[in-house]
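*Asks:* Here is how the chains run, residue by residue.
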Amino acid sequence: MRSAEMTAEPAEARQLSFSFLRPSRSAAIGTVAVIAFLVLWQIAPGMGWVNGRFTSRPTEVFLAAIDVFKNDNFLFHARISLTEFFAGFILAIVVSIPLGVLLGTSKIARYLIDPPLMALYIAPTLVLLPIMVIWLGIDMAPKIAVVFLGAVFPIVLNTMAGMSEADPRFLRMARSFGASKFDIFTRVLVPGSLPALLTGLRLAVGRAVLGVIVGELFVSQAGIGYQLNLYGSAMRIDRLLVYALIVSAFGYTLTVLVRSVENKVRDWRSK
Amino acid sequence: MAQIEIRDLGIDYRKPKSNEVFSAVDNVALSVEKGEFVTIVGSSGCGKSTLLMAVAGLVSLTRGSIQIDGKQISGPGPDRAVVFQEASLLPWRSVRGNVKFGLEMQRWNGGDLNERAMQMIRLVGLGRFSDYHPHQLSGGMRQRVNIARALAVDPQVLLMDEPFGALDAQTREIMGTELLRIWERDKKTALFVTHDIDEAIFLADKIVVMGRNPGHIKEVIKVDLPRPRNEAILDSEDFHELRKRLRAHLAEDMSSMQLVQEVA
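Protein chains in written order, with the numbering used here: chain A, 2 to 272; chain W, 32 to 295.
For the record, the hints were derived by calculation from the structure and aren't laboratory data.
Just so you know, not all the hints are guaranteed correct.
Said to hold, decoys possible - Facing chain W, according to a computed beta carbon distance under 7 Å, are these residues of chain A, among others:
hint: 1; residue: 170
hint: 2; residue: 174
hint: 3; residue: 178
In this text the structure is predicted, and so the values were computed from the model without any measurement.
Virtual Cβ for every residue (Gly too), placed ideally from N, Cα, C.
Working from the sequences, and respecting the hints, build out all of it.
*Replies:* Set out below in structure tokens:
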């Protein structure tokens with residue numbers, strides 16, 4: 002979040018405010034808050050404020066984490082979830098970028114497909130999960146399908162926006178130098194829409210992670226979501242939290258990675 | 032024969048909502064000799080930019096014809112290059128990348144692209160900044176890049192659409208002098224659109240004064256100020272005379288516009 006807010010600020014504001022103080026101060030406050038929370042969490046069950054059976058404790062979660070990585074077939078489950086995630090995500094990229102380009106460059110295609118696309122984007126694609134299970138079984142396929150459906154729309158719509166909202170002044174300039182349609186596409190539209198495409202990818206990451214986990218929670222025989230379900234029904238709060246943390250760390254890391262590329266590419270837009 | 036020959040030019044637009052047709056430019060005839068620096072001046076809405084874009088081949092003609100070196104134009108061509116207003120530099124390309132853009136589009140085969148681009152960048156005085164990106168440059172520097180990009184493709188005719196319109200008065204004056212310095216080297220035929228009276232006089236061999244409704248040429252004024260020019264001529268007697276004459280023209284246009292607004 003922080004980096005996006007920083008780039009959104011006008012340059013003057015950034016120079017005038019004492020921004021060099023801010024990161025360290027906010028980091029300090031953040032660290033204090035986290036430590037305070039952990040301490041409170043640790044002592045709360047002992048003081049009788051909460052029932053430790055439902056809340057676990059940081060130390061227990063930490064020990065459970067070591068246990069999970071050592072003895073819980075973690076890599077096996079992680080591999081299945083990662084396979085579902087990347088299969089669905091890569092499929093989504095392969096389909097959505099060409100589709101986004103087509104929609105962004107052809108008005109007719111846009112008029113034709115834009116309304117149903119919008120509807121599908123807004124509707125939670127997870128509602129299709131039961132149908133995917135009926136169609137595709139209970140193996141990886143329905144989860145891949147749900148990941149695909151979750152990831153495909155943000156990428157299509159953002160690519161489309163990036164292409165169709167190209168600055169007309171750039172197009173006119175390119176034409177004045179005799180640029181062909183192909184030249185305009187490769188030299189103006191593609192580089193110009195890259196930031197929007199990356200925004201689409203970033204939004205897609207969150208939806209894809211959600212798709213994998215919910216898909217596995219719904220019906221599966223293995224995977225991180227399966228483990229979550231397992232420890233949920235067994236009331237193993239400590240292990241449940243370990244898996245939940247792993248999922249959010251994965252989604253967070255990927256999002257931050259895409260955002261850092263995005264910010265780099267978008268640098269030139271800040272003015 | 033003149034290098035640019037515009038005859039009976041008319042350009043109509045259809046308003047997108049009402050489908051009403053209106054004339055941006057009508058009955059325009061103009062000859063520009065080879066090596067002549069012609070400025071086109073007029074208040075906003077007089078069709079001066081439309082006229083320039085028509086010569087660039089970016090706007091289709093409704094009536095009349097435009098010939099360059101005796102050949103009817105039918106779109107943009109390598110014989111012409113345009114210096115646009117601000118914000119026509121590709122923000123993801125460096126200064127050198129931007130200057131190379133036109134060369135790439137025209138499949139330049141006059142030697143090394145990089146070397147050609149660097150020559151032009153040095154010519155406009157940005158040698159040290161070739162790896163900078165547009166957002167790191169001032170408005171004046173960006174327009175130098177814009178000029179370098181147009182000159183790089185070695186056009187017969189240089190078309191400039193208010194290139195200094197977004198700059199402050201001081202920078203604008205410096206850029207005008209710079210432009211003349213560069214232009215003096217090979218005296219390419221130049222068409223320069225502006226709404227700034229001093230700029231129009233300072234640069235020109237010939238000033239085309241345009242009026243509105245529809246855009247038409249009111250008067251063509253010869254400028255006989257000696258070249259090479261510098262800021263000193265801004266204070267000369269002849270310059271004052273020309274300024275007075277142009278002001279009268281534009282004031283006439285403004286008052287007629289106010290009248291229309293009052294009636295409406």
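*Asks:* Could you check if residue 170 (chain A) really has its C-beta closer than 7 Å to a C-beta on chain W?
*Replies:* holds (5 Å)
*Asks:* Double-check residue 178 (chain A) for me: the hint is only fine if its C-beta lies closer than 7 Å to a C-beta in chain W.
*Replies:* holds (4 Å)
*Asks:* With a cut-off of 7 Å on the beta carbons, see whether residue 174 (chain A) makes it to chain W.
*Replies:* holds (4 Å)
Taken one by one, the earlier hints all hold for this structure without exception.
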